[in-house]
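If you want the building blocks of each chain, they are given just below.
2 protein chains.
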Amino acid sequence: MIENGQTYTHDFKFTQDEVNRFAEVTGDKNPVHTDAEFAAKTMFKKPIMHGMLGAALFSKVFGVLFPGEGTIYLKQSLSFLKPMYVDIDYEAIFTVKEVIKDKHRAIIETLIKDKITGNVCTSGEALVMNMDRI
Amino acid sequence: MIENGQTYTHDFKFTQDEVNRFAEVTGDKNPVHTDAEFAAKTMFKKPIMHGMLGAALFSKVFGVLFPGEGTIYLKQSLSFLKPMYVDIDYEAIFTVKEVIKDKHRAIIETLIKDKITGNVCTSGEALVMNMDRI
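Quick mapping for you: the protein sequence lines, in order, are chains A and B. Its first residue numbered 3, the first sequence is counted upward by one per residue in my numbering. Its first residue numbered 3, the second sequence is counted upward by one per residue in my numbering.
No lab work stands behind these hints: they were computed from the structure. As the structure is a computational prediction, the values presented were derived from the model and not from experiment. Any given hint could turn out to be false.
Note that the list lumps identical chains together, so a pair holds whenever it fits in one copy or between two copies.
Claimed, not checked - Here are the computed lysine to aspartate or glutamate pairs in the EDC-like style, where the Cα-Cα straight-line distance is at most 16 Å: (1) Lys43 with Glu71; (2) Lys77 with Glu127; (3) Lys99 with Glu5; (4) Lys105 with Asp91; (5) Lys31 with Glu71; (6) Lys115 with Asp37; (7) Lys47 with Asp89; (8) Lys99 with Asp134; (9) Lys15 with Asp91; (10) Lys15 with Glu26; (11) Lys115 with Glu127.
Model the full assembly from the supplied sequences, consistent with the hints where possible.
Listed below in structure tokens is the structure:
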């Protein structure tokens, strides 16, 4: 069962090929994500990951790992604080802020940090429900 | 240039194959999205789209359509109010709530509605920046 103050971490990185496939399936073909030549002329200097690909990591962790099966995703706030790049190691960090036991809900802080620099790239908060695990 | 009160709409639907590809690339392989037999035993009755796939539509519109090229995505809040299903027609509706001219930023309400029932499935608010178009 999920408890107040509990944390869960999940390491990840995405390749350029995965970013290209995300662009293809979502239709988000902004060239800043997929075209190195275009990206080189922007403030980012090289292709950046879609912010929503990072956010999809939160969804993955909630749905399959923590709390896992049966989780229903109710809310998510997202602040895209710094660009994320391909082939860089990131860590998604989940901290349980509040358990609403009678509603089987929890408020969970969601962060993505660059594993080398420690910089927070994405921050936010989720509200999830799980009848068996919260 | 983006103006206060301006709206923009974008129709979309996703197939089961696209949902499967989204599951594959993001790693969010919760069977409620991809396994009809599993989904039939849940409250949803049939596979549901990933909420973040709907949210990725917001990112697509901001990045390539409205305001379009050069948009930087700063914040997004998301409330997943109702499940979304494959092969159903949805409409993403964007309403400019506030233009912060000197910072080239705008607060934009983001909704996804079922085109037949009119039900709001996802609601939220975005903060975006575009040096040329806001």
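Hints versus structure:
no.: 1; hint: Lys43 with Glu71; in the structure: between (43 Å within a copy, 13 Å between copies)
no.: 2; hint: Lys77 with Glu127; in the structure: both (8 Å within a copy, 12 Å between copies)
no.: 3; hint: Lys99 with Glu5; in the structure: within (9 Å within a copy, 38 Å between copies)
no.: 4; hint: Lys105 with Asp91; in the structure: neither (36 Å within a copy, 32 Å between copies)
no.: 5; hint: Lys31 with Glu71; in the structure: between (32 Å within a copy, 10 Å between copies)
no.: 6; hint: Lys115 with Asp37; in the structure: neither (24 Å within a copy, 32 Å between copies)
no.: 7; hint: Lys47 with Asp89; in the structure: within (15 Å within a copy, 38 Å between copies)
no.: 8; hint: Lys99 with Asp134; in the structure: neither (19 Å within a copy, 39 Å between copies)
no.: 9; hint: Lys15 with Asp91; in the structure: within (5 Å within a copy, 33 Å between copies)
no.: 10; hint: Lys15 with Glu26; in the structure: between (19 Å within a copy, 14 Å between copies)
no.: 11; hint: Lys115 with Glu127; in the structure: within (15 Å within a copy, 24 Å between copies)
Consistency note: the structure conflicts with the earlier hints numbered 4, 6, 8.
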